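Asks: Chain by chain, the residues run as shown.
There are 2 protein chains.
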Amino acid sequence: MAASSRVEDEAFVTLATNDTYSLGALVLGHSLRRANTTRSLAVMITAGVSQGMRHQLSEVFDVISVVDVLDSKDAANLDLLTRPDLGVTFTKLNCWRLTQFKKAVFMDADTLAMQNIDELFEREELSAAPDAGWPDCFNSGVFVFKPSEATYQSLLKFAISHGSFDGGDQGLLNLYFNDWSSKDIKRHLPFLYNVVSQAFYSYLPAFKQFGSEVKVVHFIGAVKPWHHGYNTATGQVEETGGGGHDQRFLQLWWSIFMERVQSHLAPSVAGERQVTHPT
Amino acid sequence: MAASSRVEDEAFVTLATNDTYSLGALVLGHSLRRANTTRSLAVMITAGVSQGMRHQLSEVFDVISVVDVLDSKDAANLDLLTRPDLGVTFTKLNCWRLTQFKKAVFMDADTLAMQNIDELFEREELSAAPDAGWPDCFNSGVFVFKPSEATYQSLLKFAISHGSFDGGDQGLLNLYFNDWSSKDIKRHLPFLYNVVSQAFYSYLPAFKQFGSEVKVVHFIGAVKPWHHGYNTATGQVEETGGGGHDQRFLQLWWSIFMERVQSHLAPSVAGERQVTHPT
Ligand SMILES: O=c1ccn([C@@H]2O[C@H](COP(=O)(O)OP(=O)(O)O)[C@@H](O)[C@H]2O)c(=O)[nH]1
Ligand SMILES: O=c1ccn([C@@H]2O[C@H](COP(=O)(O)OP(=O)(O)O)[C@@H](O)[C@H]2O)c(=O)[nH]1
Ligand SMILES: [Mn+2]
Ligand SMILES: [Mn+2]
Chain A
14 MAASSRVEDE AFVTLATNDT YSLGALVLGH SLRRANTTRS LAVMITAGVS
64 QGMRHQLSEV FDVISVVDVL DSKDAANLDL LTRPDLGVTF TKLNCWRLTQ
114 FKKAVFMDAD TLAMQNIDEL FEREELSAAP DAGWPDCFNS GVFVFKPSEA
164 TYQSLLKFAI SHGSFDGGDQ GLLNLYFNDW SSKDIKRHLP FLYNVVSQAF
214 YSYLPAFKQF GSEVKVVHFI GAVKPWHHGY NTATGQVEET GGGGHDQRFL
264 QLWWSIFMER VQSHLAPSVA GERQVTHPT
Chain B
14 MAASSRVEDE AFVTLATNDT YSLGALVLGH SLRRANTTRS LAVMITAGVS
64 QGMRHQLSEV FDVISVVDVL DSKDAANLDL LTRPDLGVTF TKLNCWRLTQ
114 FKKAVFMDAD TLAMQNIDEL FEREELSAAP DAGWPDCFNS GVFVFKPSEA
164 TYQSLLKFAI SHGSFDGGDQ GLLNLYFNDW SSKDIKRHLP FLYNVVSQAF
214 YSYLPAFKQF GSEVKVVHFI GAVKPWHHGY NTATGQVEET GGGGHDQRFL
264 QLWWSIFMER VQSHLAPSVA GERQVTHPT
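Residue numbers (my numbering), protein chains in the order written: chain A, 14 to 292; chain B, 14 to 292.
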């Protein structure tokens, strides 16, 4: 479905290893389309994604790339994060193998573009925004990179010899691109390109000052937008189980989901969503 | 008490508007001395600091500068932070008037040097570490600056016309030095020079990886180390009222306090501390 005005050799890339994260990928893809991106959209999936979902993904993504699951097998470190599920994010490294693209922007499936962000392609590898928890590290939910088989092999070798201090891709990538914090300010994306939706609570005045300029919101943590409910009668998200995400961002995620994703889902997949129907 | 090896025209500068914050200033001053700083130590105080405390401060600080209280009078913004007390931090701006120093490092009275940090004087104005809550802003608890009456006047003018988006000095300084996040990576101090002691909780693996290199810890928030108790029988801090500060940092603060400050305090001031005596 590539349009003629598309920049074919640059892409936004995401990852989904199962149908649940695929819902995030779909919303992300639609958020980029509605912001009129001129770049290609690519999604990496693994064997865990159903045929029905693959079909659905193909309606918004130009490229679907089936990749192997890489697991950091580093249970001890992951325990630190109380996120034993994150080992799978090592699968992310496969994005460096998408060498049909000269440059790409990786975005987690739990991110959402609030506006056109094509200007990110002016940045060089590795550009990323600071992690709000420990800002000498970048957050690996959004980063600009240059696909290259050599870099992929080098990353794999590095992963095996050095491991990852957090057991996930963020710890690994921060060790590998370890001059990010000190070398070149151009590699620092503004925080606005990867705003954790909980930032609202950590420095409210900054959020009030800069919040309207948010370009990408990132629903980090164990509770994702798709874990919440949605009341089709009121059109409101009904938060279940916390997560601390900002209500306005959740609402936008759900409105894109309901408008562009939900209605096209195969019944078996749609049934998994905690959509609250009016009684 | 300036030693002959002292670099007289460079200083660490802090601020205390009352006897309570003076306790923090004393511990900070001692932490810099025990790390063998070669720079001068200066403290700005206001009329609210008692004579006994001034005497005590003079035993560790080379310069005591009495300044006026500046208040941002911006109650609405401060309400956002639920910290109506922060207006007084505008008083901080007086540090630019300490023109006997060619270069200086401002440090909040609730910070603690874990090791020698004299290398900070190689940086230029305005250098500071990212704020963990909104990392496109710098945290104004530790910053390198160049005293100058002209800059002081310009800051005051700016404060009056633009205000501060958080009602405190951090919001003001970030608006004034607004190219900090995008212009020069050298102006980005590593987070290690201003680690909020709650960082422990926000990204535990990073803390485990880099925590031993912490240079300065910053006890941000309403609950300060001096609000906790200390059991003189066990030598342990007894946390009261939360604050979420890391136990090891609190313990170090208190051991410096007990060893170098408490024993020298005038009885009236010492009595204010919540020191738990053995029963
Ligand atoms: O079971 C999983 C876990 C993660 N991911 C992908 O890896 C990214 C990083 O994981 P997550 O966003 O859950 O981590 P967080 O941002 O919360 O630290 C996700 O956004 C997905 O793109 C996935 O496909 N399946
Ligand atoms: O009543 C006050 C409040 C603040 N301060 C000074 O201003 C700094 C900034 O305030 P604080 O550290 O309480 O703010 P936080 O770092 O918690 O945001 C303190 O460290 C002190 O140096 C002071 O002297 N008296
Ligand atoms: Mn994520
Ligand atoms: Mn402080």
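Please note that the accuracy of each hint is not assured.
What follows is a list of derived Cβ distance ranges for each label pair [what the hints assert, rightly or not]:
hint	chain 1	residue 1	chain 2	residue 2	range
1	A	113	B	174	51 to 59 angstroms
2	B	166	A	174	42 to 50 angstroms
3	A	245	B	234	53 to 61 angstroms
4	B	225	A	199	29 to 37 angstroms
5	A	225	B	49	25 to 33 angstroms
6	A	115	B	226	35 to 43 angstroms
Which bits of chain B does chain A cover? Going by a derived footprint, with three or more residues having C-beta under 8 angstroms, they are [said to hold, decoys possible]:
hint	stretch
7	170-181
8	219-226
Simulated from the structure, these hints should not be mistaken for laboratory data. Since this is a predicted model, take the numbers as computed values, not measurements. Yeah, the Cβ is synthetic: ideal placement off N, Cα and C, and Gly gets one too.
Asks: Confirm or reject each hint.
Replies: Going down the list of hints, with the structure as the test:
Checked against the hint of 51 to 59 angstroms, the C-beta distance between residue 113 of chain A and residue 174 of chain B comes to roughly 53 angstroms, which is consistent with it. For the pair residue 166 of chain B and residue 174 of chain A, the beta carbons lie near 56 angstroms from each other, so the given range of 42 to 50 angstroms is not met. For residue 245 of chain A paired with residue 234 of chain B, a C-beta distance near 42 angstroms fails the hint of 53 to 61 angstroms. Checked against the hint of 29 to 37 angstroms, the pair residue 225 of chain B and residue 199 of chain A passes, with Cβ atoms roughly 30 angstroms apart.
Evaluation of the 25 to 33 angstroms hint for residue 225 of chain A and residue 49 of chain B yields a failure: the beta carbon distance comes to about 48 angstroms. At about 37 angstroms, the CB distance of residue 115 of chain A to residue 226 of chain B agrees with the hint of 35 to 43 angstroms. By the rule of at least three residues with a Cβ nearer than 8 angstroms to a Cβ of chain A, the coverage given for the stretch 170-181 of chain B holds, with 3 such residues. Interface restraint, the stretch 219-226 of chain B with chain A: holds (5 residues with C-beta to C-beta distance below 8 angstroms; minimum three).
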